[in-house]
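Keeping their order, the protein sequence lines are chains A and B. Quick note: the first sequence uses my numbering, first residue 1, plus one each step. Quick note: the second sequence uses my numbering, first residue 1001, plus one each step.
Worth flagging that the hints you see were computed from the coordinates, not collected in a lab. The beta-carbon is built from N, C-alpha and C at its ideal position, and this holds for glycine as well. Check the hints yourself; a few may be wrong.
[Stated by the list, open to error] Under the rule of at most 16 angstroms between Cα atoms (straight-line distance), these lysine to aspartate or glutamate pairs were calculated in the EDC-like manner:
#1 K277/A to E1069/B
#2 K383/A to D295/A
#3 K189/A to E1069/B
#4 K189/A to D1281/B
#5 K313/A to E284/A
#6 K311/A to E72/A
#7 K261/A to E1150/B
#8 K383/A to D274/A
#9 K385/A to E315/A
#10 K210/A to D198/A
#11 K385/A to E284/A
#12 K383/A to D281/A
[Claimed, not checked] A partial selection of chain A residues facing chain B, derived with a Cβ cut-off under 7 angstroms:
#13 T53
#14 A226
#15 Q227
#16 T229
#17 G259
#18 P263
#19 T389
[Unchecked claim] Examples of chain B residues toward chain A, derived with CB under 10 angstroms:
#20 S1006
#21 S1191
#22 N1193
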Amino acid sequence: MMLSSRRLFVSVLLAGLGTGLVGCKKKESAGAGPSGAGEASKPIVIGHYASMTGSTAHYGQDTDKAVRLAIEQVNQQGGVKGRKLEVVTLDDRGDSAEASNAVARLIDVEKASAIIGEVASSLSLSGGRVAQRRKVPMVSPSSTNPKVTEVGDYIFRVCFLDPFQGKVMANFARNTLKLESVAILKDVKNDYSIGLADAFRAAFTGAGGKIAVEQSYSQGDTDFSAQITAIKGSGAQAIFTPGYYSEVGSIARTAQRLGVKVPLLGGDGWDAPDLVKIGGDALEGSYFSNHFAPDVATPKAQKFVADFKAKYKQEPTGLGALGYDAAAVIIEAMRHAPNLSGDAIRSALGKIKDFEGVSGKITINGERNADKSAVVLKIVDGKYKYETTVEP
Amino acid sequence: MKVGASVTELVQQLLNGLSLGSIYALIALGYTMVYGILRLINFAHGEVFMVGAYVGLYVAQWFGIGGYEARGESFPLVYAVLILCAAMAAAALLGAAIELFAYRPVRSAQRLTPLITAIGVSLFLQNLAMLVFGPNPRAYPPIVRELRYEFGGIILTNIKLAIFGVALALTLGLHLMVQKTWTGRAMRAVSINLDAAKLMGIDTNRTIRQTFAIGSALAAAGGILFGLDQITITPQMGVLTGLKAFVAAVLGGIGNIPGAVLGGLLIGLAEQLTAGYLSPDYRDAITFVILIGILLLKPEGLLGVVKQEKV
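Could you build all of it, start to finish, from the sequences and the hints given here?
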């Protein structure tokens, strides 16, 4: 028994290595389809563009893992319309120009029937324009800036929007934490961060709160002591910093170092394992809004977490959950579409209603956005703890 | 109360600026020493600073810093000193190697050639670092456990104190070496006139190599202090920081050692005060405004002397 399980382990490992070594472009599929030659025997290509390297690499890597998990599971059940699916992932390195190039290549060269991407709103905007022009449906897993789906009628998303997310944190700060005055520290180079800050400011002042001081930084900065010193002097009871994890980690440490003991508040951009690695105990007691909480999940989400852990030996992030849902929604649309043309998939996507996703029930509304609830998580002992759910 | 708070804030910003400036000063010394001797702007110097920081990170991991962190014990100070020494030694070797393989073959070429070579070395090292160290930002290990002291609302950490201490000690050491030792005397001789120094029996190649090694070691010390202070490091950290340190060297008077220190401190202060009181968006811009200003008003730098160009 001992020996055979070890042999099984070795052969699985070898098989894994074998598939991993095929080419440097990541592909996962497929083989020949069940019947005949020509178009119908080829796998259906789903293109994914993501920041696989660079300062937001965790977003892309987590999303890609989850997308691949979803496609693998569908292929095990026989695929869609008798054909297997295949994911082609291109790296945009977190750069808008690269994102446009990647989408163009996915459609023109790889012949993708649908596109998944991106996490960062700025990149979804630039990639989305390309997909829209070529009339190929694109589903963004987790871009929350409202402008993303305004690009055109081929662009969808499976997550909530910044105005909602900003309002969630503002109401949480005002009503649950009973804060009077909060400082804002936003990333001025980032549409997402600016959008969240605007939404937070409007909702927090609307609820009778006061913005003590508003400071900014630029993505890639490493020194935040000037901003934190200014915030310290303002007497704010919390700092709302809707940025990305690497900067937020540094901001938390700088605040701790300068003796600022107030909690930080943020959005779903915080959700990456490196956040706590960089920020350490400086983040204890901070709150952020997110798409899903791994510790209080629905049966469907629990299965996703278990499958993800089994395949990748790590916990999925909320962004991973959304990547999985983006793929699942596309697959669902492909099932219901009469054929696999861009237009057919697009209208099927528009009809998605009460779809049971990992990150909650997904209904695509008239603006091609998803109506969904948000959760607030608290960082306790370096882990995310569920605090509350906020309905739209 | 309001006045008291704003004074506290000002003092805090000044302290933060001085600590950032001390790091710039350490890097600027390397630029200024190399320029003093070869009239070469070593654009790869920022990358040596970056490599120094990464060597520190890896040596700290090799000493098992993760284990100390997990157990909540503080990392032995001896190790911290050893990490500093190891990074400085590795950077010294790297600096000497860059000089040997990249600059020496083109030393007698016209001025533009070594400059372009320097840019090439800088790009090469950046991309190599992305390949070897990975492109993601890395959290710097807490080589020194952070302790905070508070004086009437002003926060000072032992890391800031260490930055001041290490920067001061290394600068003083460099000053003594340049003024009191034979090596230093040889450096000064080479910087005045390379050919004449050679005729006087100075091994100029050796002196130039030593200059690169010492400048690089100082940059590596700056790299470790930067990592401790700024929490994350990336393979690109040397680009902007290196440029700012270069401006610091020009501001103080390039080729002038006390000038580099003065320039570094002034740039650090200017950056921090701009970020704190004007807007953080201008924190990088102010450095280059200063560069333009000094080149227009006093091109030889604050402490520089006007030298007649040899024709």
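Checked hints:
1. K277/A to E1069/B: holds, 12 angstroms
2. K383/A to D295/A: holds, 10 angstroms
3. K189/A to E1069/B: Judged against 16 angstroms, a Cα distance of about 34 angstroms means the pair is violated.
4. K189/A to D1281/B: Given that 16 angstroms is the threshold and the Cα spacing comes to 10 angstroms, the pair holds.
5. K313/A to E284/A: violated, 25 angstroms
6. K311/A to E72/A: Holds, at roughly 11 angstroms.
7. K261/A to E1150/B: holds, 14 angstroms
8. K383/A to D274/A: holds, 12 angstroms
9. K385/A to E315/A: holds, 14 angstroms
10. K210/A to D198/A: Distance of about 14 angstroms is within 16 angstroms: holds.
11. K385/A to E284/A: holds, 11 angstroms
12. K383/A to D281/A: holds, 11 angstroms
13. T53: Constraint on T53/A satisfied, holds at 5 angstroms.
14. A226: Because about 3 angstroms separates A226/A from the closest Cβ in chain B, which is inside the 7 angstroms limit, the hint holds.
15. Q227: Holds - the Cβ of Q227/A comes within 7 angstroms of chain B, reaching about 6 angstroms at its closest.
16. T229: holds, 5 angstroms
17. G259: It holds, given that the least Cβ distance between G259/A and chain B is near 5 angstroms, below 7 angstroms.
18. P263: Hint violated; P263/A Cβ to chain B Cβ min 18 angstroms, cut 7 angstroms.
19. T389: violated, 31 angstroms
20. S1006: holds, 7 angstroms
21. S1191: Nearest chain A Cβ about 33 angstroms off; hint violated.
22. N1193: Violated. Min distance 41 angstroms.
The structure fails hints 3, 5, 18, 19, 21 and 22 (numbered hints given earlier, in ascending order).
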